[in-house]
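Keeping their order, the protein sequence lines are chains P and U.
Sequential numbering from 0 applies to the first sequence in numbering that gives the first Met the number 0.
Sequential numbering from 0 applies to the second sequence in numbering that gives the first Met the number 0.
Hints were generated in silico from the structure; no laboratory data involved.
Treat each hint with caution, since some may be false.
If chains are identical, the list can't say which one is meant, so a pair holds when it fits in one copy or spans any two.
Said to hold, decoys possible - With a straight-line Cα cutoff of 30 Å, these simulated DSSO-like cross-link-like pairs (lysine-lysine) come out:
(1) Lys269 to Lys250
(2) Lys235 to Lys22
(3) Lys269 to Lys156
(4) Lys22 to Lys214
(5) Lys254 to Lys123
(6) Lys221 to Lys123
Note that the structure is a prediction, hence the values are computed from the model and not measured.
2 protein chains.
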Amino acid sequence: MTHTKVGIVGLGLMGGSLSLALKKLPEEYYFIGLDHNKLHCTQALKLGLVDEITLSLETLKSCDIIFLSIPVDGILSIAKQLGTLDPKCTVIDLGSTKEKISLSIPSDIRHNFVTAHPMTGTEKFGPTAAIENLYTDKVVVLCDMEKSAKHQDKVAKRLFTDIGMNIVCMGAKEHDRHAAFISHMPHALSYALANSVIKQEASQSIIALAGGGFKDMSRIAKSSPNMWEDIFRQNKSNVLEAIQSFQSELKKCQKMVENEEWDTLNEWMKEANTLHDILD
Amino acid sequence: MTHTKVGIVGLGLMGGSLSLALKKLPEEYYFIGLDHNKLHCTQALKLGLVDEITLSLETLKSCDIIFLSIPVDGILSIAKQLGTLDPKCTVIDLGSTKEKISLSIPSDIRHNFVTAHPMTGTEKFGPTAAIENLYTDKVVVLCDMEKSAKHQDKVAKRLFTDIGMNIVCMGAKEHDRHAAFISHMPHALSYALANSVIKQEASQSIIALAGGGFKDMSRIAKSSPNMWEDIFRQNKSNVLEAIQSFQSELKKCQKMVENEEWDTLNEWMKEANTLHDILD
Numbered sequence: 000m001t002h003t004k005v006g007i008v009g010l011g012l013m014g015g016s017l018s019l020a021l022k023k024l025p026e027e028y029y030f031i032g033l034d035h036n037k038l039h040c041t042q043a044l045k046l047g048l049v050d051e052i053t054l055s056l057e058t059l060k061s062c063d064i065i066f067l068s069i070p071v072d073g074i075l076s077i078a079k080q081l082g083t084l085d086p087k088c089t090v091i092d093l094g095s096t097k098e099k100i101s102l103s104i105p106s107d108i109r110h111n112f113v114t115a116h117p118m119t120g121t122e123k124f125g126p127t128a129a130i131e132n133l134y135t136d137k138v139v140v141l142c143d144m145e146k147s148a149k150h151q152d153k154v155a156k157r158l159f160t161d162i163g164m165n166i167v168c169m170g171a172k173e174h175d176r177h178a179a180f181i182s183h184m185p186h187a188l189s190y191a192l193a194n195s196v197i198k199q200e201a202s203q204s205i206i207a208l209a210g211g212g213f214k215d216m217s218r219i220a221k222s223s224p225n226m227w228e229d230i231f232r233q234n235k236s237n238v239l240e241a242i243q244s245f246q247s248e249l250k251k252c253q254k255m256v257e258n259e260e261w262d263t264l265n266e267w268m269k270e271a272n273t274l275h276d277i278l279d
Numbered sequence: 000m001t002h003t004k005v006g007i008v009g010l011g012l013m014g015g016s017l018s019l020a021l022k023k024l025p026e027e028y029y030f031i032g033l034d035h036n037k038l039h040c041t042q043a044l045k046l047g048l049v050d051e052i053t054l055s056l057e058t059l060k061s062c063d064i065i066f067l068s069i070p071v072d073g074i075l076s077i078a079k080q081l082g083t084l085d086p087k088c089t090v091i092d093l094g095s096t097k098e099k100i101s102l103s104i105p106s107d108i109r110h111n112f113v114t115a116h117p118m119t120g121t122e123k124f125g126p127t128a129a130i131e132n133l134y135t136d137k138v139v140v141l142c143d144m145e146k147s148a149k150h151q152d153k154v155a156k157r158l159f160t161d162i163g164m165n166i167v168c169m170g171a172k173e174h175d176r177h178a179a180f181i182s183h184m185p186h187a188l189s190y191a192l193a194n195s196v197i198k199q200e201a202s203q204s205i206i207a208l209a210g211g212g213f214k215d216m217s218r219i220a221k222s223s224p225n226m227w228e229d230i231f232r233q234n235k236s237n238v239l240e241a242i243q244s245f246q247s248e249l250k251k252c253q254k255m256v257e258n259e260e261w262d263t264l265n266e267w268m269k270e271a272n273t274l275h276d277i278l279d
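Assemble the whole structure, with the sequences as input and the hints as a guide.
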């Protein structure tokens with residue numbers, strides 16, 4: 000039985016968890032990792048997330064599938080360095096914003112690429128944060144699939160289905176706006192919530208009262224600043240639009256409390272309740 | 000073995016879960032419930048949360064301990080209707096704001112009262128939402144304890160300790176400000192987040208991409224509008240102050256993204272990360 004060679008550029012939570020998910024499948028995989036962080040390389044080898052570490056993109060290019068599970072800037076840079084690729088090689092990037100990536104991949108290897116965004120993660124990072132079921136039952140958005148060749152389309156869809164994901168296809172531009180509302184702006188809120196509490200004089204004794212609601216709302220404020228700086232930069236205009244929409248809702252709430260418009264406030268909260276008719 | 004008679008006014012999530020928690024203890028309890036919602040009375044009896052339903056406050060007054068697990072306005076009203084109480088009767092109210100309650104209890108029964116706020120809950124409500132471990136390992140804030148008599152102090156502290164809670168004592172005024180930051184304002188954010196997404200044209204396809212972060216942040220937007228209207232009304236000025244603090248942090252974030260001050264944004268996110276040095 001021949002194995003499928005999988006390259007993983009970026010041995011963090013996303014890349015590491017992908018290896019764990021693929022290892023559960025009946026197919027045989029051989030994993031080659033590349034990461035500029037030496038500690039992450041050592042940890043990934045030790046945890047069995049990869050079989051081999053390489054420093055060379057040329058070595059990676061012998062893989063059947065190459066995952067780019069690194070920030071968007073890194074993806075853009077690797078895409079430019081790859082050069083020519085075998086027509087059967089599938090490159091799947093997992094960047095959190097997609098339009099810039101989709102437009103920047105050199106045209107002669109654009110059909111090798113599948114630009115994907117798995118809507119999953121935890122607030123933890125690095126290879127030690129990798130978990131087997133990170134992708135199970137989660138949504139993965141595949142963008143601009145008309146730009147991928149048939150082989151790559153098939154390989155990517157089969158792989159994401161095999162690890163238990165639900166595939167949604169859309170344009171990269173649409174994805175970036177959607178992601179701003181459903182993921183990027185909520186991260187900005189969580190960071191702002193954490194900071195607004197920390198900066199109170201009595202912060203310690205306020206935080207001592209934290210229940211489940213606050214813990215849930217501040218969980219993603221643990222996320223990596225480097226990763227999120229990159230996302231806010233890449234998706235600036237959509238993020239600003241989403242923050243603006245949120246602010247206008249919060250301002251409504253503030254005005255209703257200020258003016259003691261309790262019935263209107265009650266209606267506004269009832270509207271918010273309807274989210275869960277769709278979400279659950 | 001004699002049993003302790005416990006009255007529960009308000010057979011919802013909080014009152015129902017309290018019965019389940021007490022039933023796990025070695026002591027024998029007999030529960031008398033009172034609720035203006037007839038369906039909740041039937042459900043509470045059927046679920047075994049109470050042994051008896053009464054419509055009369057006089058019957059309740061024969062209890063050793065009376066819990067008031069209803070909105071603040073209801074607590075204020077019941078406190079006025081109780082009349083005289085046996086010196087050994089302990090009334091524990093579980094209202095989400097405490098200053099107004101603490102000041103409004105008629106002075107001749109003020110020492111019978113313990114004003115408590117368990118920092119726990121779920122987004123669900125009604126007796127069917129009751130769960131056995133709602134209070135386990137959670138914080139309960141006891142307010143203005145110098146106003147409770149020794150017997151009541153002892154009964155309440157022992158009971159909350161027995162069901163596994165961690166007791167924090169503070170003044171009611173301080174509690175209300177703290178609760179605005181750690182619980183009430185985060186609820187306003189969650190409602191505003193839900194509404195900002197629902198009101199987008201492509202809301203269905205945005206919500207289809209929801210991952211764990213958005214689910215966590217929007218969970219408490221399921222909460223009861225009637226209950227939260229009451230809380231926002233009772234704690235108006237503190238809630239407005241907390242919303243203001245949050246808005247000023249979110250505005251900082253917005254400006255940094257707008258002006259592409261990435262290093263400053265990164266530092267701001269790092270500050271937010273430090274919340275979890277205290278919280279976890």
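*What are the numbers of the hints the structure violates, in ascending order?*
2 and 3
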